[in-house]
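Each chain, written out:
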Amino acid sequence: MVETKKIKWMFKKDMMVLWRHKPRLISLILFPIIMITLFGYGMGGTLTNIPVVVVSQSNGPVTDATLNAIKSTNLYDVTNVINDPTKGKQMVMNGQDKAAIILPSNYDDMQSQTPKNVIIDADSSDQMATGALIPTTQALFSQISNQIGIQELQSMGLSSSAAQSSQIQVTSQTPSQVLSNPVALSSGINFQNIVNSINFQINKLYGNISYIDFLVPGVLAMVVLFSCMFGMGESIAGERERGELARLFMTPTSIATIVGGKILSKLVQETGRAIILIVVAIALFGIVIAGSMLLTLLLLVLVALCFVGFGIMISARVSTQEDYMQMVQPITLPMMFMSGVFYPVETMPWIFQKIAYILPLTYANDALRAVMLKGAGIGAIWVDVVVLLGFTVVFFALGVKSFNRDV
Amino acid sequence: MKYCVETFDLTKNYRDFSAVDNLKMKIKNKGIFGFLGPNGAGKTTTIKMLTCLTLPTSGTATVAGHDILKNPNEVRQKIGMIPQMVSLYGDLTVKENIHLCGDFYGVPEDLRDSRADELMEMVDIKYAENKYVSQLSGGMKQKASVVASLIHQPDILFMDEPTIGLDPTTKRILWDLVEELNSEGRSIILCSHDMYEVELLCDDVGIINRGVLAAFDTPQGLKDTMIKERKNEKTSRSSNVTKIVDEIQKEASPEEKASFDKIKDYVEKKNRDSMELSVMINNLDENVLSHLKNLPITYEITKQHSGRIVIDMEDSEESVNQIIASIIENNGNITSISTKDPSLEDVFMKVTAKKEEVGEE
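Residue numbers (the working numbering), protein chains in the order written: chain P, 213 to 619; chain G, 54 to 414.
Just so you know, the hints here were simulated from the structure itself, not pulled from any lab data. Be a bit skeptical, because a hint or two may be false.
Subject to a maximum C-alpha distance of 35 Å in a straight line, what follows is the list of computed DSBU-like cross-link-like pairs (lysine-lysine) [stated by the list, open to error]:
#1 P:LYS217 / G:LYS131
#2 P:LYS225 / G:LYS123
#3 G:LYS179 / P:LYS234
#4 G:LYS77 / G:LYS403
#5 G:LYS276 / G:LYS303
#6 P:LYS217 / G:LYS148
#7 G:LYS303 / G:LYS287
#8 G:LYS315 / G:LYS296
#9 G:LYS276 / G:LYS315
#10 P:LYS225 / G:LYS184
#11 G:LYS148 / P:LYS613
#12 P:LYS220 / G:LYS123
#13 P:LYS613 / P:LYS217
#14 G:LYS224 / P:LYS225
#15 G:LYS303 / G:LYS317
#16 G:LYS287 / G:LYS310
#17 P:LYS220 / G:LYS179
#18 P:LYS613 / P:LYS586
#19 P:LYS234 / G:LYS148
#20 P:LYS224 / G:LYS184
#21 G:LYS303 / P:LYS224
#22 P:LYS613 / G:LYS123
#23 G:LYS346 / P:LYS217
#24 G:LYS393 / G:LYS77
#25 G:LYS317 / G:LYS403
#26 P:LYS225 / G:LYS131
#27 G:LYS77 / P:LYS613
So the derived label-pair ranges between C-beta atoms look like this [to be verified]:
#28 P:MET228 / G:GLU282: 39 to 47 Å
#29 P:ARG529 / G:MET138: 19 to 27 Å
#30 P:LYS234 / G:ASP120: 30 to 38 Å
#31 P:LYS613 / G:TRP228: 42 to 50 Å
#32 P:LYS220 / G:MET138: 26 to 34 Å
#33 P:ILE590 / G:SER111: 20 to 28 Å
#34 P:ILE590 / G:ASP62: 54 to 62 Å
#35 P:ARG617 / G:SER190: 25 to 33 Å
Note that the coordinates shown come from a computational prediction; the quantities given were computed from them, not determined experimentally. The beta-carbon is built from N, C-alpha and C at its ideal position, and this holds for glycine as well.
Working from the sequences, and respecting the hints, build out all of it.
Shown next as structure tokens:
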């Protein structure tokens, strides 16, 4: 039998303890802020000002234009322009720069038939920087190459407008058609450069979603996971260890009542924490919740309920907080990485994908992303909701059944 | 109800270790029962089972007339428990903790408040009612725990080493409270290592050792049993000596036989009619000692430390007078004199040592 008055007392007691334990209260508020700030700035933003050194082995207008183009791209922070490729490579290996962009000695020679090999010596130990540098640099030189192509056509006697129309024409042609153009072939131009001028069009079905937008729903669920799981350690195993729970067990009180009281206070705390998290994400990173704010909150409450149940199930039989933590850590950490918080589940190895679908956090992420990013309603996420409810019921049933009253 | 607690083969095993082994015990209602035993003997486990804080492996018990397995909530409602480790919420005040307990026992609010005030006054903690429990000293925490355990006016109060580590004044307050609660008709079950406390307060005493009830009686009953046992031991020792001497006498000459008869008389007398007298002489010297040793009523002087001697002697009033006279004649100053009856501690030592021997066999 669940007794309301006792549940209220447990809720009141937990709130009083939280209010009086200022470090715990501050942590409750700060934890979501720190998490979202760290993930937002550390993982969700775009990289800028990566230090690079440019090795220029030629002089002329094309080299100058290229240097200006590199300097005006905010991805690069050009620390030096030198003319010795070995020194440039050394600067990367010393860690002064993340890459050396080496322009060849024939870079400005428009008549040369020899390919102009631009080399990038990149610090591949820094995957993040390299991952951003390589595609951007490729795109930049593709554009420059295209410009050279236009200039070459102009120098062959074609007007600027003809050159432009030629470019447009090329855009709509296939590479084989370009290669079969006799005029172009006779001019000795590197047609591959012209082929590179084809523009790709990308249609973003859900708008311009950045990584931070993708990350926020996952981080929300993850913060709820961690605070519920670790919080239940203090709430049940901690009280058991200190003998405080024994005082309640001495009274004619059912386990369901004690568990009920714990759920109520934890849910209120977690809802407060989720609101803080959403507000901070909106304020700092301008994320937009495409769907219903109420549905988002209700989902977070369900996720909290599910993980409180998980915490109760684990703490049901352990007698110390340390034992509890030892049991929780091997579950929560892999769950965090395997349930699609940071990367979509579909991109993971097949075995992790299979495991992901037996983890409640995967369904929490899926539902929250659907509501927050795609604006989905309950009709679109009902499977996730049902699965989460199922997990919750199983966790509570096992938790209450196996709860050890022994002190 | 004749018994407040009755156990029926109560057993608690932890893996292959039996903490309590088929315990059968009946504790009188409305009395103060002292539950003794060495560390790890099974006292706390028994108390936990009786207070429904842990389930027995087998067997059962009735507490306040209710079965601990069938009606645990009825048992919980009827009992109060002061555990070894104070189990109040450190971040709540004394008053909040007491109110929490009152509400968990279903005490109506107005009654709860008046009782809380009354009990806090009684144990002298009212002045600290708004202090957090974590800020209190050990003694004050224990007082708060007592109030929290009594807020629902239980019929039976279990106290698991309640005065351990407390100062004499706080101990005295708790002892007075125990007597007052008992005079109101409540049964008290007191686990303790303090023999003085048990002897002072308890009507009955049970000694548990290695999970088995090794002795159960009134404190005086236990001591009397020990006196009887000592006498029996002596008689048996004496008859053994007599048998050996008889065997030797068969081949002895008449002169030798007479000497052996004297030995037999001495041994029989010593073991039949001996008593121990403890005397404190502030100017004890060799002269006094040698005179005492040479008295015909003295069998042995067993202990000698800082002027205190324990004389094993003939058990009679006349013998005591002779001892006193001998000391005075030899200018000894007697500061105290007492017969040496076994104490509850002696009983405890003997009972637990006996079981130790059995266990080691």
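Results for each hint:
no.	hint	in the structure
1	P:LYS217 / G:LYS131	holds (20 Å)
2	P:LYS225 / G:LYS123	holds (31 Å)
3	G:LYS179 / P:LYS234	holds (27 Å)
4	G:LYS77 / G:LYS403	holds (21 Å)
5	G:LYS276 / G:LYS303	violated (41 Å)
6	P:LYS217 / G:LYS148	holds (18 Å)
7	G:LYS303 / G:LYS287	holds (25 Å)
8	G:LYS315 / G:LYS296	holds (14 Å)
9	G:LYS276 / G:LYS315	holds (33 Å)
10	P:LYS225 / G:LYS184	holds (15 Å)
11	G:LYS148 / P:LYS613	holds (33 Å)
12	P:LYS220 / G:LYS123	holds (28 Å)
13	P:LYS613 / P:LYS217	holds (23 Å)
14	G:LYS224 / P:LYS225	holds (31 Å)
15	G:LYS303 / G:LYS317	holds (14 Å)
16	G:LYS287 / G:LYS310	holds (24 Å)
17	P:LYS220 / G:LYS179	holds (26 Å)
18	P:LYS613 / P:LYS586	violated (39 Å)
19	P:LYS234 / G:LYS148	holds (21 Å)
20	P:LYS224 / G:LYS184	holds (18 Å)
21	G:LYS303 / P:LYS224	violated (90 Å)
22	P:LYS613 / G:LYS123	holds (18 Å)
23	G:LYS346 / P:LYS217	violated (77 Å)
24	G:LYS393 / G:LYS77	holds (33 Å)
25	G:LYS317 / G:LYS403	holds (29 Å)
26	P:LYS225 / G:LYS131	holds (25 Å)
27	G:LYS77 / P:LYS613	holds (31 Å)
28	P:MET228 / G:GLU282: 39 to 47 Å	violated (58 Å)
29	P:ARG529 / G:MET138: 19 to 27 Å	holds (20 Å)
30	P:LYS234 / G:ASP120: 30 to 38 Å	violated (47 Å)
31	P:LYS613 / G:TRP228: 42 to 50 Å	holds (44 Å)
32	P:LYS220 / G:MET138: 26 to 34 Å	holds (27 Å)
33	P:ILE590 / G:SER111: 20 to 28 Å	violated (53 Å)
34	P:ILE590 / G:ASP62: 54 to 62 Å	holds (58 Å)
35	P:ARG617 / G:SER190: 25 to 33 Å	holds (31 Å)
The structure is inconsistent with the numbered hints 5, 18, 21, 23, 28, 30 and 33, although it conforms to all the rest.
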